[in-house]
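J.: Respectively, the protein sequence lines represent chains A and B. According to the numbering used here, the first sequence is numbered sequentially starting from 1. According to the numbering used here, the second sequence is numbered sequentially starting from 507.
For the record, the hints were derived by calculation from the structure and aren't laboratory data. Keep in mind that the hints are not guaranteed to be accurate.
[Stated by the list, open to error] Straight-line Cα separation of at most 20 Å, EDC-like style, residue types lysine to aspartate or glutamate; simulated pairs:
id	chain 1	residue 1	chain 2	residue 2
1	A	K67	A	D89
2	A	K484	A	D182
3	A	K174	B	D570
4	A	K72	A	E299
5	A	K287	B	D531
6	A	K72	A	D89
[Claimed, not checked] Which stretches of chain B does chain A cover? Using the computed rule of at least three CB atoms under 8 Å from a CB of chain A, they are:
id	segment
7	572 to 578
8	584 to 591
Glycine included, each C-beta is placed from N, C-alpha and C at the ideal position.
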Amino acid sequence: MKPGFRQSMAWLHTWAGLVTGWVMFCVFVTGTATYYRADISHWMRPELQAAAVEPGVAVERGAAYLKVHAPKAVAWFVSVPQAERPLLDVYWFDSFETPIRQATLDAGTGAPTTVRATQGGDFLYRFHYELQMMPGLGRWIVGASALVLLVALMSGIVTHRRIFSDFFTFRRDKSAQRGWLDAHNVTGVLALPFHLMITYTGIVTLAFTLMPWGITSAYRGDELRFFVEAGQSPAWRAAAGRPADALPLAPLMARAQAEVSEPLEMAIINNPGDAASTVVAVFEEPKGLAHRHPQVVFEATSGAVIARFGTLKPAAHVFTSFLGLHEAHFAGPALRGLFFLCGLLGSATIATGLVLWAVARAPKAGAVPGFALSLVRGLNLGTILGLPIGIAAFFLANRLLPVAMNERATWEGAVFFAAWGLAAMVGLARPYARTWREMGAAAALLFLSVPLVSALTTDRGLDFAGFDAAMIAIGLTLAWGARKVSHYRGPARLRAATAPEALARA
Amino acid sequence: MTPSSVLLNLALSFAGLSALCLAMDRHHRAIFRVAPSRRQARALRGAGWCGIAASFAAAVILADWNFGPVQWLGSLTGAALLVVGLVSYRPRWIRPAALAALPLAAAAAFLA
Numbered sequence: 001m002k003p004g005f006r007q008s009m010a011w012l013h014t015w016a017g018l019v020t021g022w023v024m025f026c027v028f029v030t031g032t033a034t035y036y037r038a039d040i041s042h043w044m045r046p047e048l049q050a051a052a053v054e055p056g057v058a059v060e061r062g063a064a065y066l067k068v069h070a071p072k073a074v075a076w077f078v079s080v081p082q083a084e085r086p087l088l089d090v091y092w093f094d095s096f097e098t099p100i101r102q103a104t105l106d107a108g109t110g111a112p113t114t115v116r117a118t119q120g121g122d123f124l125y126r127f128h129y130e131l132q133m134m135p136g137l138g139r140w141i142v143g144a145s146a147l148v149l150l151v152a153l154m155s156g157i158v159t160h161r162r163i164f165s166d167f168f169t170f171r172r173d174k175s176a177q178r179g180w181l182d183a184h185n186v187t188g189v190l191a192l193p194f195h196l197m198i199t200y201t202g203i204v205t206l207a208f209t210l211m212p213w214g215i216t217s218a219y220r221g222d223e224l225r226f227f228v229e230a231g232q233s234p235a236w237r238a239a240a241g242r243p244a245d246a247l248p249l250a251p252l253m254a255r256a257q258a259e260v261s262e263p264l265e266m267a268i269i270n271n272p273g274d275a276a277s278t279v280v281a282v283f284e285e286p287k288g289l290a291h292r293h294p295q296v297v298f299e300a301t302s303g304a305v306i307a308r309f310g311t312l313k314p315a316a317h318v319f320t321s322f323l324g325l326h327e328a329h330f331a332g333p334a335l336r337g338l339f340f341l342c343g344l345l346g347s348a349t350i351a352t353g354l355v356l357w358a359v360a361r362a363p364k365a366g367a368v369p370g371f372a373l374s375l376v377r378g379l380n381l382g383t384i385l386g387l388p389i390g391i392a393a394f395f396l397a398n399r400l401l402p403v404a405m406n407e408r409a410t411w412e413g414a415v416f417f418a419a420w421g422l423a424a425m426v427g428l429a430r431p432y433a434r435t436w437r438e439m440g441a442a443a444a445l446l447f448l449s450v451p452l453v454s455a456l457t458t459d460r461g462l463d464f465a466g467f468d469a470a471m472i473a474i475g476l477t478l479a480w481g482a483r484k485v486s487h488y489r490g491p492a493r494l495r496a497a498t499a500p501e502a503l504a505r506a
Numbered sequence: 507m508t509p510s511s512v513l514l515n516l517a518l519s520f521a522g523l524s525a526l527c528l529a530m531d532r533h534h535r536a537i538f539r540v541a542p543s544r545r546q547a548r549a550l551r552g553a554g555w556c557g558i559a560a561s562f563a564a565a566v567i568l569a570d571w572n573f574g575p576v577q578w579l580g581s582l583t584g585a586a587l588l589v590v591g592l593v594s595y596r597p598r599w600i601r602p603a604a605l606a607a608l609p610l611a612a613a614a615a616f617l618a
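Excised from the complex, chain A in its bound form (with noise of 0.2 Å):
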């Protein structure tokens, strides 16, 4: 018999979940805990103060630095201090084909800094669409999987016949198939315009790694161009090839800003000390849904205004309004809570269907249980208890690593791997109800260990009392899950019926 519509879009719901939601439910959970990077970032240089710094006394500490150590560069970019990040960071490409180099110096002196050395809250950020991976490989597999995922979602709501009937429904009484199925699609129900929304918009973020044929066609080899052309970058000057002297930076900085009501962000040098030098001002995006950024391009050695950019053409005005819904830099402290709480309920829609998968497929008592359930059920574990045991491992490694180790941020990153790579073969060696209950005690004792460790390390006080009350209620609740998980008995009435037989055996 062919099967219905409906059934065959529960075999796509089914399988199209299956081989995305292990990379998805990383993808979701580090994009949440993103919505807190400048949050997390901060934490992890406890060291630091905010300290008052004239944005055009920045720029020029910055230019001051890169012209002794990068004066042969091709472009310097110097980043702004700002109030959640108080550190002056500048960059530089030596060449347009080797890649981008660092410096992270004192906002107060302009010499590198001698805060600890941590990737910060970017660490997760960046693990959230390229998951550590080659740049290149791992938004493919990100973008990949969220192609797949957006069809998961759609042939979801398809599937799910009861969305009204059931929408406050969660029955914790019958069976466990029948309890993770409605936590499944009340987490995936009640957050579904976000669900959409998050994953539509990061596809369209990816969407010139996804397709880049558009623009290579029709550009042919000179990319840069369309973003000038849509309005999002100044075109490139070529440099002159003869040195000239240029004018100082402050007093541009001050003439762009008076232009300007944002805050300055960022300054660009392009060809620095050469004849057709360009010194682009880049503020912050105004209020609005729109991920833009105005600029003001100056000549560096006559200080004539090039060109000025802020609005946009419609197309690229869509395109960064999506890039602001997806990254919501304009919500406020009460609307980012929102934000976050819709993160961690994707999450969890994502975690229950997975464990619905191996829930519904369970064999009966005493049979063993093939080799792909017990694969799932590994994976399962190692990815839903996994990563958080690595998000802490990475938060302790932060406090507990020598200040002035060698290559101290790279080893933050190898803990959080370490930590994860751990728990993943403990879950695929015992992939039982019991490791559940081990392994979420452990994730749970490592996230409430993060706030006394660090208050054992720093003497910031009361100052991550926010951080710290997020560690505490993530791991209360890992602690409460893991709980629910050793008490669980099975519903009622099949507890009637086989305490007999249990007994009978003992």
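Use these hints to put chain B onto chain A, whose structure you have.
T.: Just chain B now, with coordinates in the frame of chain A:
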């Protein structure tokens, strides 16, 4: 997009969704042991949709057409999660909580 405008959204969404939840046979029975009469159910449903509409209006007025709908959807998700949590763990608290949400909404509207 001030915290008080988000609170107003949450309170209105919560009151509205609670009424919609109570209008359903299964949940009404879990709380009051009986299914709602047809008139009760209709009144609760009407009140529920009014709450959700009021929440949308408040979001658009206070946070503009740009952010308003985003904030409204976010508050609906947050409020719905609260309703589901209450209805499955503390069903009897729903009615007093929904009634308490109304003065809270008024206070938040005053601040916003």
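J.: Any hints this thing doesn't respect? Which numbers, in order?
T.: 3, 5
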